[in-house]
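Following the hints, complete the assembly by docking chain B onto the known chain A.
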Amino acid sequence: MIPKKINIFKRTNLKSIIEMCPLKIILNHIRVFKNWLRIKDNLFGIIILGIIALLTLISIRHITTQYQNNTAIQIFILLFNLFIPILLTNTYLRAAKKENQFLLTLMSKSELKKIRQFQTILSNLFIFFILLIFGIIPKLTYQYIFIIASVFILILIVPFQIIIVLNKPNISKSIKKKNVFYHKYNFKIDLPVHGLVIRDILFLWRENKIKLLYYILFLFIVNSVIVFISIRNNLNNLYVAGFHFQAFQILAIILRYPTENNSKILRFYPNYTYKILKTEFIFWFAFFLIYFGLLTPFYFIFIQNFSLHFFPILTLMFIMLLMYAIIIRLAFLENTIIRIIYFLLILIPPAIPFVLYKCFRRFKCYSYTI
Amino acid sequence: MLQLYNINKKYGSVEVLRNLNLNIPKGELLGLIGPNGAGKTTLLNLILFNLDFKGKIFIEDTPNFEYLKTHRDSIVYLPEEVFVYNFLTGLEFVNFILDLQNISFKKVEDKIILLFELFELTKYKNQLILNYSLGMKRKITLIAALVQSPKLMLLDEPVFGVDARSIIVFKKLLKYLSKTGVTIVLSTHIIDLIKNLCDSVAILFDKHIVVYERLEKIRINEIENKYLDLVGCDVESLINEFELL
Numbered sequence: 001m002i003p004k005k006i007n008i009f010k011r012t013n014l015k016s017i018i019e020m021c022p023l024k025i026i027l028n029h030i031r032v033f034k035n036w037l038r039i040k041d042n043l044f045g046i047i048i049l050g051i052i053a054l055l056t057l058i059s060i061r062h063i064t065t066q067y068q069n070n071t072a073i074q075i076f077i078l079l080f081n082l083f084i085p086i087l088l089t090n091t092y093l094r095a096a097k098k099e100n101q102f103l104l105t106l107m108s109k110s111e112l113k114k115i116r117q118f119q120t121i122l123s124n125l126f127i128f129f130i131l132l133i134f135g136i137i138p139k140l141t142y143q144y145i146f147i148i149a150s151v152f153i154l155i156l157i158v159p160f161q162i163i164i165v166l167n168k169p170n171i172s173k174s175i176k177k178k179n180v181f182y183h184k185y186n187f188k189i190d191l192p193v194h195g196l197v198i199r200d201i202l203f204l205w206r207e208n209k210i211k212l213l214y215y216i217l218f219l220f221i222v223n224s225v226i227v228f229i230s231i232r233n234n235l236n237n238l239y240v241a242g243f244h245f246q247a248f249q250i251l252a253i254i255l256r257y258p259t260e261n262n263s264k265i266l267r268f269y270p271n272y273t274y275k276i277l278k279t280e281f282i283f284w285f286a287f288f289l290i291y292f293g294l295l296t297p298f299y300f301i302f303i304q305n306f307s308l309h310f311f312p313i314l315t316l317m318f319i320m321l322l323m324y325a326i327i328i329r330l331a332f333l334e335n336t337i338i339r340i341i342y343f344l345l346i347l348i349p350p351a352i353p354f355v356l357y358k359c360f361r362r363f364k365c366y367s368y369t370i
Numbered sequence: 371m372l373q374l375y376n377i378n379k380k381y382g383s384v385e386v387l388r389n390l391n392l393n394i395p396k397g398e399l400l401g402l403i404g405p406n407g408a409g410k411t412t413l414l415n416l417i418l419f420n421l422d423f424k425g426k427i428f429i430e431d432t433p434n435f436e437y438l439k440t441h442r443d444s445i446v447y448l449p450e451e452v453f454v455y456n457f458l459t460g461l462e463f464v465n466f467i468l469d470l471q472n473i474s475f476k477k478v479e480d481k482i483i484l485l486f487e488l489f490e491l492t493k494y495k496n497q498l499i500l501n502y503s504l505g506m507k508r509k510i511t512l513i514a515a516l517v518q519s520p521k522l523m524l525l526d527e528p529v530f531g532v533d534a535r536s537i538i539v540f541k542k543l544l545k546y547l548s549k550t551g552v553t554i555v556l557s558t559h560i561i562d563l564i565k566n567l568c569d570s571v572a573i574l575f576d577k578h579i580v581v582y583e584r585l586e587k588i589r590i591n592e593i594e595n596k597y598l599d600l601v602g603c604d605v606e607s608l609i610n611e612f613e614l615l
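Protein chains in written order, with the working numbering: chain A, 1 to 370; chain B, 371 to 615.
Check before you lean on any hint, since a few could be wrong.
Stated by the list, open to error - When the alpha-carbon atoms are kept at most 30 angstroms apart in a straight line, the in silico DSS-like pairs for lysine-lysine are as follows: (1) Lys-113(A) to Lys-565(B); (2) Lys-109(A) to Lys-24(A); (3) Lys-34(A) to Lys-507(B); (4) Lys-587(B) to Lys-114(A); (5) Lys-97(A) to Lys-495(B); (6) Lys-40(A) to Lys-507(B).
If you are wondering where the hints come from, they were derived from the structure by calculation, not from laboratory data.
Pulled out of the complex, with its shape left as it was, chain A reads as follows (with noise of 0.2 angstroms):
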């Protein structure tokens, strides 16, 4: 059997990957976010979200105004303009990711990755130039160069972020080997406490294996770096900075952590909501606990001035928050975002009461929501 001779560029060009409509996708997500919006709790979100964001920025921009002749807040600035596109570009295309699969049964592999490319090249750029339009971030000594730069590290940049989406799309043995998991661990829930304990450690292991190892490289790092300025220098409040940073982390992880497990157990018995809160509350402070007990002598080692003078206060705050965000990370078990949001709340002290009052609410009628 002879193949018929195809032109195997016919679809490379500019025009085909146009022809293959990353705007149309593009507009797509746009209407499915429009639709989103109509849900009353998910506008309401956004606009908190909104808010939060836009006092952030001014205060940024603030401040970065006062001292803007020193270089360090030049670098920070132009690291800050780099930073905020390639974070939000990356939040879009997680979460477009469960959606890849679904492309790749109208598409080609190669097709899908040169539609997200150019989506990527399109969201990075348009948020660069939104913050540049709006002054958001003031001017630099030298702004022309400084764009052009940007540009074309936002450009070039493209390839890593592709990665998080498009690596390994297609693995159907994961998917299998996930619901063994769940069987084995969700339904054994007449376990006592520590048993809810060790699935969360068995899952956490499992299922986010090398996330895991490159958050403990992270931290390495980010305590090495404290550690080596702070021998040179005597910059005490840069440690005592790393060890908030730290505990923020973990209130990180509590609130991106997988809810499959809970999402679960509650759907057949929404009598556990509270044991589950209690559960998750002791696991997450003992790790809290373990982690700082052996980082501490790390620092104390290496820093001359080290005192633990701040640790009460760290503790005391830490408790606080993880309560709240244990709190909202069980009643909005559906969304990450959601839940990001609703935790941020806690910049605006009146918002609290009424976030824990419909956190409650959804505690008890969880037979019927989830």
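Just chain B, lined up with the frame of chain A:
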């Protein structure tokens, strides 16, 4: 229409397919059965070149990777796991798929209305898919698949969770499409569906196709017996044992 030669596929050290050969003529409606984990979904993904493999696959006498570059829109693949945009309405979802395939909505509008009617989704067409049941979600993907005009359809458990009336409608539509020359590979666990619908049956077992026969040549009851022989299960004696307990 579709030829597979010496297909070998491994996931790491686990071998899923070994020296698999299959030749499906144009317009054939093939029922593909096999135990769980036999590699049916993998086989469909290999045809679509979504996974790497050893061997050769030809679609209309053209290697699949080349065919897919130019004729991707003449293949419809309906995966086992349903993906739908929860925050689109049923009509918007179908419209989006047509948009991606460069098919004008106006051209097939009558067809869409009829399909919504046939699958009893007319009154839900402007509701968000979020509010649909599992079966309704499956039906909306069936509509999106049937509204296109493909040459090859790869269907993986297409009627899972779908109500009886819609299964009857779906069977009739597949029969019609097959008569008009569309080649269809239907992967399913429901032997009755194959008996009533397909032109031929292929049993995938022990990493390759062990039986591939036209249904006229094989007695209908033989499919079940052959399948049970292959998977090595003496159902009668097990049921007798169960009755005794």
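Taking the hints in turn, this is what the structure says about them:
At most 30 angstroms may separate the alpha-carbon atoms for a hinted pair to count; Lys-113(A) and Lys-565(B) exceed this at roughly 41 angstroms. For the given pair, Lys-109(A) sits about 18 angstroms from Lys-24(A) by alpha-carbon distance, which is consistent with the 30 angstroms threshold. With a CA separation close to 21 angstroms, the supplied pair Lys-34(A) and Lys-507(B) stays within the 30 angstroms bound. With a CA separation close to 48 angstroms, the supplied pair Lys-587(B) and Lys-114(A) exceeds the 30 angstroms bound.
Between the alpha carbons of Lys-97(A) and Lys-495(B) the distance comes to roughly 26 angstroms, so the proposed pair stays at or under 30 angstroms and holds. As the CA atoms of Lys-40(A) and Lys-507(B) are separated by approximately 24 angstroms, the hinted pair is consistent with the 30 angstroms bound.
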